[in-house]
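Student: Protein chains in written order, with numbering that gives the first Met the number 0: chain W, 0 to 578; chain G, 0 to 575.
Hint data in this document are derived by calculation from the structure and do not stem from the laboratory. Glycine included, every Cβ here is placed at the ideal spot set by N, Cα and C. Heads up, a few of these hints could be off.
Claimed, not checked - If we take Cβ atoms under 10 Å as the criterion, some of the chain G residues that face chain W in the derived model are:
(1) F68
(2) S97
(3) G258
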Amino acid sequence: MLKTLKRVFSYARPYIAYFVLTVVFAAAGISLSLSVPVFIGEAVDCCTGKGAVDFDRLLRIVCILAGAVAASGLFQWVMSLCTNRLAFLTVRDLRADAFAKLERVPLSYIDRRTKGELTSRVINDIEIVSDGLLQGFTQFFSGVITIIGTLIFMMTINVKIAIAVVLLTPLSFIAASRITKASHDSYVKQSKLRGDMVGLAEEMAGNQKIVKAFVYDKCAEERFAQINSEYGKIGAKATFFSSMTNPTTRFVNGLIYAAVGLMGALGAIGHSPFIGAMSVGKLSSFLAYSNQYTKPFNEISGVFAELQNAVASARRVFDLLDEEEVSDDSAMEKLGNCSGELTFEHVCFSYDPKVKLIQDLNLNVRAGQRIAIVGPTGCGKSTIINLLLRFYDINSGRITVSGRDISSVTRDSLRSSFGMVLQETWVFTGTVAENIAYGVPGASREQVIEAAKAVHAHGFIKRLPQGYDTVISEDCGLSQGQKQLICIARIMLMDPPMLILDEATSSIDIRTEHRIQRAFIKLMKNKTSFIIAHRLSTIKSSDIILVMKQGNIIEQGSHSELMAKGGFYAELYNSQFAS
Amino acid sequence: MTKLLRFLKNYKKELILGPFFKLLEAIFELIVPLLMAKIIDNGIASGDSAYVWKMSGVIVLLGICGLTFALTCQFLAAKCAYGFGTELRAALYKHINSLSYTGIDSIGTASLVNRLTNDSMTVQNGVNMFIRLAVRAPFLVIGAAVMAVTIDLRLSVVLFIAAPLISGIIFFIMRRTVPMYKKTQQKLDRASMLTRENLEGTRVIRAFSRQQEEIDEFGEAVDEIAKCSIAVGKISAILNPAAFMIMNLGIVAILWFGGGRINTGSLTQGELTAFTNYMTQILLALVLLANLIVVFTKAFASANRISEIFALAPESSGTAENGSASENIIEFRNVSFTYEGAGDSSVSGLSFTLRRGETLGIIGGTGSGKSTVASLIPAFYRPTEGEVLIAGVNVNEWDVKALRRRIGIVPQKAVLFSGTLRDNMKWRDRNASDEEIISALKTAQAWEFAEKLPDGLDTFISQGGKNLSGGQKQRIAIARALVGKPDMLILDDSTSALDYATDLKLRKALREEMSGTSVIMISQRTTSLRDADKIIVMEDGVPAGIGTNDELLESCEVYREIYKSQMNEKEGGSNA
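So here's chain G without its partners, still in its complex pose (with noise of 0.2 Å):
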């Protein structure tokens, strides 16, 4: 929590001044009352009217002054808040593009956007509530008690016990109510997940007839959050003519008390008015600091998920910049992985060389470490045993992002941003001319329908790439990896969405195109492996076998029953 205190160090002026303002505009708020006291005592009792028009004039002098000390507030709070909320996502921001991949799986990716964007904004509006409220609100409580005390010590004792029987309200209803709110809202998210699920559903419902029945479910959902919200909220409703009872049967103790007092002469008409005053004013402070407390409660819980992410060591990176001379582009040694958290490791004992220029295959069932395979060739995870060396070099001495600057990737899931064909394209290489573009979009197979785009390479791309196929969007995907023609290319299944005929023909293009990158590629289908120069069978974590096709089948039981199975479909293969 604590950590977030730096980005206020740019601020400390407004920090200071700004409640500082405050607490003038709300001295001026209490002397209100005693001036009219006086207006009263003084003014009327002697019947002087030159004192009346001088005390009200006073009093709208006050107003004045206030206001502006107010607004003066209000404009350092929010400048603080909003500085000190933009250097606050600027840095988090710097810190999660600094993680490692296993810093992002252990928070999770949407939960970063979370605490990026709205963790971020409750805390700058606590920054802004804090300057706001924090020192006015108390300050108005105990300023009004202390004018009471002043005023009147025996009378205020019952100030003294109505202030603390309303706290005990608020915080008795809020300890209630907070839990009830939270599962309401958990009631309401059920409904949600009811509705989407159901849209998504629509054809198997419907062609199963069940929608009278999912229309039940829903009514019994939104139900339970009628009775759930009715249940708070009879608590709830509770708090505000609890606390005018309380404040008014307050008022009436110290009418009868203080008529008492004033027929004993130690108090006058005009005290006994400001005192009903003061009483009121320790009400509305009371209420807005538990609404505070809200608003604080919040801002710390957000201020610590912040802290977490900040918690988190970056990634660590060597400095090499630039492989050995050596043949191989890739060596495992004797590699073993474990996922943190993890009790069994997703690979081990795995070795192997590729040349420069090379392709190499991975295949195996789901689960069986293949996609963990790849992702310890551009560092993204490091193995926990043995190692593995990049052009040579072993990853770890890498520096990182040079690392990856030679890495084309492909991933499962073809993700394209919103932006212009173009822009995706430049993702690995900013100045990559059109020419570049144009021909890795050729050899992804993908200038054949990018080339009939209204706007060419100007076409925008909605977000997540919506207005595009799965398959157009898996081609531009990997088009994008080849941009600036990469040393290594990892293609992560990432051709599911072709049909047999355009694989082929981008497997070719590859070939030709790309000839000194090296292709990783991880596939289910062996066709699509079948040219590799190397082939490692994967299963439940364990190399099964390494080698050629040829020598795939002829050592590798794994290996024979997959293309067995495959090429069964095809019935022996037909001209294969």
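Bound-form chain W, shown alone (with noise of 0.2 Å):
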């Protein structure tokens, strides 16, 4: 745990000025503050009543009070602004630094995890960092100041009540655990079930048309429903306990002011030797400070629960922070100019070494050739793709691009020799222009206007509310078709090599499918190029044929070669285009 907070606190150091005026102001602030009920109990001691009033000494207190007050205000709010800044400037760069790390990361860890998660680490977690750490951090440091501060006054007003208000401090503090400790149960019984209940209600109103389609409302009713008073019934449990501290440490309060009372003011009667002579100027400001002694106790307990929820946040960061980046290749040399010839030699790789998936693949491309991958769905042709771009390194062998090893050039320059249109397409928020341009972003207008023109966007683009300027996001109201065609003319711009590209199966309407396999035809010319095929005319119509199989590469060779072998591919081919 110390660990964790060295580290969230090492982030803080750019800003280490921030932090000393927060202590320094802080500790003025409060100092200050807690003054002023002395001054207050000087002040009524010289009322002492009717005609003996001493308006000079009362003049003389009232000013430094009023000094004091007006002081105390200015160094707390200074405070607040210093914290403030700390604070949200720490997060800021810890942020950055989350979101940077996830470019870098090997792309199996993105795989492995669920993108809600990830991003709630970069968003969520450190949202509570800042709230339980750095905020928590101030209160948790004036709380102590205030303790400590209100300790040393009474200290000097009255030892032997002093004393007594110490030795009462710890009921708040049972009370409140005891209380804490009782909720705790119920507490995490309310929260499972309020997710349960979410995530019921998620389900059913999240698919409500599929609930009515099937008429299960009945159903759907009498599970929500159980939740739903279970819930009920254990959160009013929980909620009442919670509710518990307050009037009890209220109650805990009284006391203390109650013997306070008492001690005071039998040592003002002067009949009790043991307590000491008191004034009634001091007992107020005793019983001032028996106020505000308990409250800042009661905060810290706060903080510390919160502490705990900051701390594990803090964790989950700091793991992210510290997964294994990609190899640095900045010192490796550029691939440069690329024929298009490739090759696969003795090449064997696997997700997980328990499971065996590509073993000993050789391939030889020439320059401009046709590749078609095909297989059943779920085969793993993805697979193929993750080794080309390097998404994921191979086991053994070795793979060639312009007779050099992939391996021996940055990952940069491969991956800028091939242009890859995927089936789930990626449009990210920000104009169509820049959508196009992603690849090339100096690219003029025209030049844009020229790549849509060729994989014919240029159509529908024009017809959009803003043309090229329309912001388009991933649930923009486009169709999955527009969406490829832009994701091809970014390719077109970029003009590489090399392509990979997947063939859409669903969802597109007939034309714009017929448009989109026109402008494959355009982008493929005289290039390399990978497909993910699902069309016979482009499987027929490609030089090698690479047939996969749950991961594995079971037969390759020309249509004619395949078919002749009769094999798996002569099997699939005519199970699906002859019906």
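Can you join these two chains into the complex? Each is in its own frame, and there are hints to help.
Tutor: Structure, rendered in structure tokens:
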């Protein structure tokens, strides 16, 4: 835990000035505010009764008090400003680092996790760190100063009453921790039930149309009602338990208040030499202290609970930051001019060492050849893409491009010699033009339009509300096919020597599909291309067909060769294309 | 808003008693400073220790009573709030279930979920806080003010200047910061969106070597968050110090003027102490009140969002539970349909009949109205013009549940639910036997993999079917609709994730195993529809042709075009 805390604070190091200022101003502001009851007490002592008011002294005290109050308020304000900067700037840096890390971890790390989980680390977890650790720290710090300061002030007024207060304080603690313990169980149950209920609501109401279509409403209502009423019962219990804290600590406060009043009054009367002499004014400042003394204790115990939370979140963030990165290749050579020739030599690869996948794959591709990858759904066709672009590294053997081992050149230069269009299209929130120019950021508007025209995307883009300046996003109402055309235009503009294309299988209307097909053909001209193919025409016109099954390449050759062989491909061909 | 009050009906007792007990506690709390003043003025002044002891005892006693009352109130508040919340949610969910598709569209499913969960909990919390604080906070403010006035009217002028001043500052700061907090939240949402987009596009980003640009863009986004947060922090940081200053400067004024009052004998020392005490109490109560206003504003906004749902009328339904003896299972008579709020009709002038056991194909581009046609059959939407007859009875006369029980539906997106495979298969028929389930899985070509699942029918399927592939999900969704052999089966482009061979096997099995069932099949592939008894070709909401494959090839230009483009891909269709 300490290690995690240290690390969070190491992120705050650039803002150490704010940190120091926070501490200084907190100490100054709080001690000044603590002196207020003392001055009030002294002022009360100036007014002992009718005709006995010491106005000179009263005026002096009142002026000092006003000064102390103004200064304390000012210091507290400056302290808040410093804490804010400290917290928000630290969080900004931490977020930027976490995000940058996501760009450098191997893809396997991202593939293994859900996008929601990783997003939550960058956004929510860091938010919790900010709330719990940085702002919690100031609360903690000012709480401690308040307690120590109050103790000192009380001691200076009357040691014995102060000791009585100190002895009574644990009552508040004990009560609070008892309650927390008692409520913990029902709290855990409540949050689990809430999760269950939200989950069920998401599934059922989130798919309301299906629920209606299957006339499942009664069943769903029963399930919901059950969780709902359980949640209601446990929730009431948990809420009641947790709401006991305030009245209970208020009660303990009241006890301390009464005790101070009693002892102080007895002292003032002077019959109890044990307590020592007290004035009415001192008693009233004592009463004021006893009122504010227990408050920081409650705050601190609250801070501890939040702290635990924050440390857990910080750990998750640091886990991400500690993840191994892809090896640094900035010192390697660039691929440079690429002919489009490509070989796989004795390549072995698997995601999981226990499950063998690609074994001893050999493949010779001449410049400009077309390679079709075919196989049933889910046979691992995307593995080839992962290896070609070095999203994953092979276990043994080697892959060469233009005669050079792809592990001996920079990843960026390798990847920029490929153009890739995946079936799961990816457009980001930005204008159409920005999306098309993604690979060539400096492209002129004319070049963008030319690329769009080449892939027959110009027509529909022109009809968008703001044409090329229309802002689009993943769920912006563009059809799957239109998004794919934009992705193809992106590659068209880049004009790389090699291509990786994924033919769409579904959800695209026939005319758009036709357009995409024509765009592909235009794109593939004179380029070495790998195509995850679903269309017979694409497959038959390819130079090499790789037939995959359960992640493995089981056959390769041209259409006629494979048909003559009468193996899996022939079987697939006969079943799929002859009805 | 007021519509939600009816859910408090069963908790009248708690609603009245809760605040009442809280009030008692607050009264006791107000008496304490007064007692302390008495101790100072009577006990100390006259040196009466017995009196001091007695009064201290009374303070402790009041504390104990106060604690008891407060706990009683907290208990009643929790009971009432959660009771209310539970009843509200149950009724809300029932109402959601009664909504028509048009009603669901008008709110959106994501928002329905949000209102059912988050909003209902916010309102519930509002009720809880109402009982606990709505009476206490204003009472403490007013009570402390009244007490102060009874002690010394002239001195309380200070109080009447300070309290509105603090309220004004709270109000000013809240008005300035609330929109700024919203803006900050939007910036945070943007950073969240960027992260998500980035993760979804990692492969593309890396393929284009654009990592640095993405990092820079995110850097700017988080920088803006920091700027926004610091800006709002600057304003909200004023609140506490300002309140502290006003309150204490008020005390300064009280001490100074109080000194004068004591000198003339119209105020005692003890009363002066009590007066400063009330000053503090008012400030604390005001801050509490401000927080309470925030809670209530949120609760009201949530309550309004929930009321919007209750305001939607439930789906209308006829009473017919059975069809007539008509040999047409489906008949459309010059049907047109326009979505609510849409300008153009999505389907217009569609007429056709389908006999029992026949297969209907619907083909056309995206947005041509194919799915809309299908959704008119189970009365998900009602035709705006013309009539839809199912088994000879107008859909408006059908009892919608009875009608839908006769129809098996496979939606475009295969949605499965968390639970076992068996649970998922029982959606159409709660009492389906394992044999029926397996037979449906076989017909849907799903048994070949379902059989190999580690726990067979008891295999747990995670939410949304994440542990299955797209093709597997689709086949299970098909099988789910087959259980109990419905009269009609609607397949809304539901075989897109299946390869040609499986698609072919599926169609063959449907023909053989589900011979009594009329199949409505929406597809992009002419091959899938070739054997249909009737094909409707949709273009821009208008039927461009209706007939069999051969007839349409003869007469329908649009169909011919589609057919040719797909056959070309097969190079003349090989042995088609």
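Student: Against this structure, judge whether each hint is valid.
Tutor: Verification of the supplied hints:
With its C-beta approaching chain W no nearer than about 9 Å, G:F68 sits inside the 10 Å limit, and its interface hint holds. Look at G:S97: its Cβ gets to within about 8 Å of chain W, closer than 10 Å, so that hint holds up. The closest approach between the C-beta of G:G258 and any C-beta of chain W is roughly 5 Å, which is under the 10 Å cut-off, so the hint is satisfied.
Figure legend: structure checked against the earlier numbered hints; every hint is met.
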